[in-house]
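J.: Given the sequences, and given the hints that come with them, work out the whole structure.
So the sequence shown is numbered by our numbering: it starts at 184 and just counts up by one.
Read the hints as simulated data drawn from the structure, not as lab findings.
We put the CB at the ideal spot given by N, CA and C, even for glycine.
Accuracy of the hints is not assured; some may be wrong.
Pairwise CB distance ranges, derived in the manner of DEER restraints [unchecked claim]:
hint, residue 1, residue 2, range
1, S264, R286, 18 to 24 Å
2, D299, Q220, 15 to 21 Å
3, M217, R338, 32 to 38 Å
4, A221, D342, 24 to 30 Å
5, Y330, S357, 41 to 47 Å
6, T214, R273, 30 to 36 Å
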Amino acid sequence: MRLLRLGFQAVALAALFVAPAQAQWTLETQTDPMTDQASTTVTSAGVRSVEPMPAPYDDLQAWLVFGCVDALTEWVSVGFSVAPNLTNARPAGGFDIVPARTRWDDELQEDLLRHDFGSRYLVFRRSQRARGLMETSGSILLELHWYGAGLAYFRFPLDGAADAISEARSKCRSVLSFEAFDDVRLEASIGAVVR
Numbered sequence: 184m185r186l187l188r189l190g191f192q193a194v195a196l197a198a199l200f201v202a203p204a205q206a207q208w209t210l211e212t213q214t215d216p217m218t219d220q221a222s223t224t225v226t227s228a229g230v231r232s233v234e235p236m237p238a239p240y241d242d243l244q245a246w247l248v249f250g251c252v253d254a255l256t257e258w259v260s261v262g263f264s265v266a267p268n269l270t271n272a273r274p275a276g277g278f279d280i281v282p283a284r285t286r287w288d289d290e291l292q293e294d295l296l297r298h299d300f301g302s303r304y305l306v307f308r309r310s311q312r313a314r315g316l317m318e319t320s321g322s323i324l325l326e327l328h329w330y331g332a333g334l335a336y337f338r339f340p341l342d343g344a345a346d347a348i349s350e351a352r353s354k355c356r357s358v359l360s361f362e363a364f365d366d367v368r369l370e371a372s373i374g375a376v377v378r
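T.: Here you go:
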């Protein structure tokens, strides 16, 4: 009996170490009611800035998102509980380009993020690279120039991200639409405008 109890305790203890990595990411599939096109996302748990931000941003939450529509259309973005108010954004034809520094584990990089006016999301311009780094890194530290707060830092743990992304991509790989090819051409033309 004592061995059985110890066995249950060992399983419960192991679950404590495994569950946080799995519970950290939420998988969701939504269908656009206008086009009937499905998209799948995995979203990290929300985090606060590394250092407290002043009001009205003192309750601000951020989360990391990987999303896909089909085998060719994927993105990585950072969501916020309120629309980001950034001081270094540059207008670029209906949206802003936001230069930001990121640190994936110990690798410091310069990134460009797209911010549509009024949106609560910043989208990595090089989402395929960001996806690869999400799958192979332990964490990302994002630096943003936030109005009223100066430099704001957000750290996202990436435990379980590779498995969550793999699951989302498996749902999206089963769909290949002709619209995806149009999205690739659109992304290429947007890239030409930004450069």
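J.: Broken hints, numbered, in rising order?
T.: none
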